[in-house]
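**Q** Protein chains in written order, with my numbering: chain E, 454 to 768; chain G, 21 to 289.
Think of the hints as simulated: they come from the structure by calculation, not from any bench. We put the CB at the ideal spot given by N, CA and C, even for glycine. It cannot be assumed that every hint is accurate.
Here are the simulated lysine-lysine pairs, DSBU-like style, with alpha carbons at most 35 Å apart [to be verified]:
{"hint": "1", "chain 1": "G", "residue 1": "K274", "chain 2": "G", "residue 2": "K219"}
{"hint": "2", "chain 1": "G", "residue 1": "K147", "chain 2": "E", "residue 2": "K574"}
{"hint": "3", "chain 1": "G", "residue 1": "K273", "chain 2": "G", "residue 2": "K53"}
{"hint": "4", "chain 1": "E", "residue 1": "K662", "chain 2": "G", "residue 2": "K81"}
{"hint": "5", "chain 1": "E", "residue 1": "K574", "chain 2": "G", "residue 2": "K102"}
{"hint": "6", "chain 1": "G", "residue 1": "K102", "chain 2": "E", "residue 2": "K662"}
{"hint": "7", "chain 1": "E", "residue 1": "K662", "chain 2": "G", "residue 2": "K150"}
{"hint": "8", "chain 1": "G", "residue 1": "K53", "chain 2": "E", "residue 2": "K662"}
{"hint": "9", "chain 1": "G", "residue 1": "K147", "chain 2": "G", "residue 2": "K220"}
{"hint": "10", "chain 1": "E", "residue 1": "K574", "chain 2": "G", "residue 2": "K150"}
{"hint": "11", "chain 1": "E", "residue 1": "K574", "chain 2": "G", "residue 2": "K127"}
{"hint": "12", "chain 1": "G", "residue 1": "K150", "chain 2": "G", "residue 2": "K220"}
{"hint": "13", "chain 1": "G", "residue 1": "K219", "chain 2": "E", "residue 2": "K662"}
{"hint": "14", "chain 1": "E", "residue 1": "K574", "chain 2": "G", "residue 2": "K273"}
{"hint": "15", "chain 1": "E", "residue 1": "K546", "chain 2": "E", "residue 2": "K536"}
{"hint": "16", "chain 1": "G", "residue 1": "K85", "chain 2": "E", "residue 2": "K460"}
{"hint": "17", "chain 1": "E", "residue 1": "K460", "chain 2": "E", "residue 2": "K662"}
{"hint": "18", "chain 1": "G", "residue 1": "K220", "chain 2": "E", "residue 2": "K459"}
{"hint": "19", "chain 1": "G", "residue 1": "K265", "chain 2": "E", "residue 2": "K662"}
{"hint": "20", "chain 1": "G", "residue 1": "K274", "chain 2": "E", "residue 2": "K685"}
{"hint": "21", "chain 1": "E", "residue 1": "K685", "chain 2": "G", "residue 2": "K81"}
{"hint": "22", "chain 1": "G", "residue 1": "K150", "chain 2": "E", "residue 2": "K455"}
{"hint": "23", "chain 1": "E", "residue 1": "K459", "chain 2": "E", "residue 2": "K546"}
{"hint": "24", "chain 1": "G", "residue 1": "K220", "chain 2": "G", "residue 2": "K127"}
{"hint": "25", "chain 1": "E", "residue 1": "K455", "chain 2": "G", "residue 2": "K127"}
{"hint": "26", "chain 1": "E", "residue 1": "K685", "chain 2": "G", "residue 2": "K53"}
{"hint": "27", "chain 1": "E", "residue 1": "K685", "chain 2": "G", "residue 2": "K85"}
{"hint": "28", "chain 1": "G", "residue 1": "K220", "chain 2": "E", "residue 2": "K662"}
{"hint": "29", "chain 1": "E", "residue 1": "K685", "chain 2": "G", "residue 2": "K150"}
{"hint": "30", "chain 1": "G", "residue 1": "K147", "chain 2": "E", "residue 2": "K662"}
{"hint": "31", "chain 1": "G", "residue 1": "K273", "chain 2": "E", "residue 2": "K685"}
{"hint": "32", "chain 1": "E", "residue 1": "K574", "chain 2": "G", "residue 2": "K265"}
{"hint": "33", "chain 1": "G", "residue 1": "K127", "chain 2": "G", "residue 2": "K150"}
{"hint": "34", "chain 1": "E", "residue 1": "K455", "chain 2": "G", "residue 2": "K274"}
{"hint": "35", "chain 1": "G", "residue 1": "K85", "chain 2": "E", "residue 2": "K662"}
Some chain E residues judged to face chain G by a derived CB distance under 10 Å, without partners named [to be verified]:
{"hint": "36", "residue": "G672"}
{"hint": "37", "residue": "G677"}
{"hint": "38", "residue": "K685"}
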Amino acid sequence: MKYIIKKLGMMIATLLVVSICVFLAFSIIPGDPALRLLGTEASPELLAQTRQQMGLTDPLPVRYLRWFLGFIRGDFGVSYNYKTPVAGMIVSKIPITLTMAAMAFLMTILISIPLGIFTAKHEGSWLDRGIIVINQIIMAVPPFFSGILITFIFGMILRLFTPGGFVNYTADVGRFVRYLFFPSVAIALPKIAMTVRMLRGSLIDEAAKDYSRTAYSRGNNTNGVLYRHILKNALIPVITFLGMTLADMVAGSIVIEQVFSIPGISRILLTSISNRDYPVVEAIIMGIATIVIVVNFLVDVIYRIIDPRIGFEDE
Amino acid sequence: MEIILDVTDLHIEFHDHDQPEVAVEDFDLMLGKGEIVGIVGESGSGKSMSALAIAGLLNRKSLTKSGRIMFDGQDLLTCDRKTLRSYQGDEISIIFQEPMTSLNPVKRIGWQVEEPLYIHHPEIDRKARKEMAIAALLSVGLENAVDVYYMYPHELSGGMRQRVMIAAAMIGNPKILIADEPTTALDVTVQAQIVELLKKLNRERGTSIIFISHDLSLVNQLCQRVIVMQQGNIVESGRTSEVFKRPRNPYTKKLIAAIPKIDLSRNEE
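Generate the whole structure from the sequences, applying the supplied hints.
**A** Structure (structure tokens):
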């Protein structure tokens, strides 16, 4: 419990630091939002008045506090470009990006864990070697490229989905999920390859340890040693990796959304960056950072459950 | 004396390199019921290899074994894996040199002590298993057995972990306990306690023990008979007192000479 509270405190502290960094970064970047809003033709009086209205004349700490407190309440400010609250713009898009990342993550776990166990169990067999070679190739292919290949093969040749024919979840959840399945595969493929390789190596390492020999000496068969002894130990490093993977998938979906023309978070992010619509960019960056930090916290908690050695010094 | 284990002409060869390497050559061992036999020799002499072969733990593909290991009417070298597994942990148990790493770090002590029962005696229910595990922990001198039952290996010292290993090895009341340098990694005082514990278990339960060590004085304290190995061969064997008094082989003489003087004088009394 003490361990979890400590990690929770660290998580909040990290979020605070990240928020300061994000806020400072966008305050330092040259460019005047009021000027951007009104155009270069605006009179100095109007400019000054607008600055006042936007709160840009307040000292930096005050502006930060206002922004941060708003962020906690779910108020991310108003988009410079569209004059609508940022929250409204993003909230409807979050399910799209998150569904895609979640599907990719689920695929990674469901495929890579059985496959990792299989290859470790049949270490050195031709099937294991074959899988390693295929793994190596998949790992080297970036998602945007596999995305293009998938669009070409499954979309245009096999016609399993219509490229560009995205259906939103508000219209038809079934078709929405079906369309997102293919970009999810593109995101998941390299992660699956990496996880298989990692789990395989981890299992083989654990099998060589003394406690595995002890397990055999008690009359365990291979499956008994594998599932009752080695697997839990071997999963410990893999969980760290999967945590990083999940965070990476959320961020990595930005490129894939472009390839599959999905109107998710990435489209808003890219247009906002080119339009210097900072409140929107800040909100999305903070959102992604929050997901990464929360996932890390969950990984720490899962760690504690799996590995009794962790956090032991604290208690 | 009833013979429960009869090893003849055990030969172990490695094929990791171009030239096959002989690890054990013509190893013979007759173990009587309730007897404690010591195997001594320096590292690489093949003593641990022989022990692992008897425990059925040498299954690498790059390794050939020949000879016979007769136990319970079966040749452990040629019987099927299922038969071998039915003995492992139940009739034949083994404890190792490295108590720090021989236990699974993410499993509770109780779980690990109970495991042989779980595997070999599924008819024993969970509650009875737990009682037996706690009794086993008590019998190896862990007085706070109930607490230890719920602990993880990292919460115990090396000596305590070795006791846990012994508790797990003894829970099925095996006919043979193989102790492969069980005290080498421990402090001297703890060494003596573990040796006393093995003596006690042998006396109370009649378990035969194969005690492997490079420490002749420990073998002298514990074993009725001793086998001296050098480079994969048995160079001398016989009653411990005989071998100590009148070593015939020059290597044995050297080993005995290497024991600190205090032990020697005690032996000569």
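**Q** Evaluate each hint against the coordinates.
**A** Hints and how they fare:
{"no.": "1", "hint": "G:K274 to G:K219", "result": "27 Å, holds"}
{"no.": "2", "hint": "G:K147 to E:K574", "result": "34 Å, holds"}
{"no.": "3", "hint": "G:K273 to G:K53", "result": "29 Å, holds"}
{"no.": "4", "hint": "E:K662 to G:K81", "result": "18 Å, holds"}
{"no.": "5", "hint": "E:K574 to G:K102", "result": "19 Å, holds"}
{"no.": "6", "hint": "G:K102 to E:K662", "result": "23 Å, holds"}
{"no.": "7", "hint": "E:K662 to G:K150", "result": "27 Å, holds"}
{"no.": "8", "hint": "G:K53 to E:K662", "result": "32 Å, holds"}
{"no.": "9", "hint": "G:K147 to G:K220", "result": "27 Å, holds"}
{"no.": "10", "hint": "E:K574 to G:K150", "result": "32 Å, holds"}
{"no.": "11", "hint": "E:K574 to G:K127", "result": "22 Å, holds"}
{"no.": "12", "hint": "G:K150 to G:K220", "result": "23 Å, holds"}
{"no.": "13", "hint": "G:K219 to E:K662", "result": "29 Å, holds"}
{"no.": "14", "hint": "E:K574 to G:K273", "result": "48 Å, violated"}
{"no.": "15", "hint": "E:K546 to E:K536", "result": "18 Å, holds"}
{"no.": "16", "hint": "G:K85 to E:K460", "result": "53 Å, violated"}
{"no.": "17", "hint": "E:K460 to E:K662", "result": "31 Å, holds"}
{"no.": "18", "hint": "G:K220 to E:K459", "result": "47 Å, violated"}
{"no.": "19", "hint": "G:K265 to E:K662", "result": "41 Å, violated"}
{"no.": "20", "hint": "G:K274 to E:K685", "result": "48 Å, violated"}
{"no.": "21", "hint": "E:K685 to G:K81", "result": "26 Å, holds"}
{"no.": "22", "hint": "G:K150 to E:K455", "result": "30 Å, holds"}
{"no.": "23", "hint": "E:K459 to E:K546", "result": "33 Å, holds"}
{"no.": "24", "hint": "G:K220 to G:K127", "result": "28 Å, holds"}
{"no.": "25", "hint": "E:K455 to G:K127", "result": "22 Å, holds"}
{"no.": "26", "hint": "E:K685 to G:K53", "result": "39 Å, violated"}
{"no.": "27", "hint": "E:K685 to G:K85", "result": "33 Å, holds"}
{"no.": "28", "hint": "G:K220 to E:K662", "result": "30 Å, holds"}
{"no.": "29", "hint": "E:K685 to G:K150", "result": "22 Å, holds"}
{"no.": "30", "hint": "G:K147 to E:K662", "result": "31 Å, holds"}
{"no.": "31", "hint": "G:K273 to E:K685", "result": "49 Å, violated"}
{"no.": "32", "hint": "E:K574 to G:K265", "result": "52 Å, violated"}
{"no.": "33", "hint": "G:K127 to G:K150", "result": "15 Å, holds"}
{"no.": "34", "hint": "E:K455 to G:K274", "result": "58 Å, violated"}
{"no.": "35", "hint": "G:K85 to E:K662", "result": "23 Å, holds"}
{"no.": "36", "hint": "G672", "result": "4 Å, holds"}
{"no.": "37", "hint": "G677", "result": "7 Å, holds"}
{"no.": "38", "hint": "K685", "result": "5 Å, holds"}
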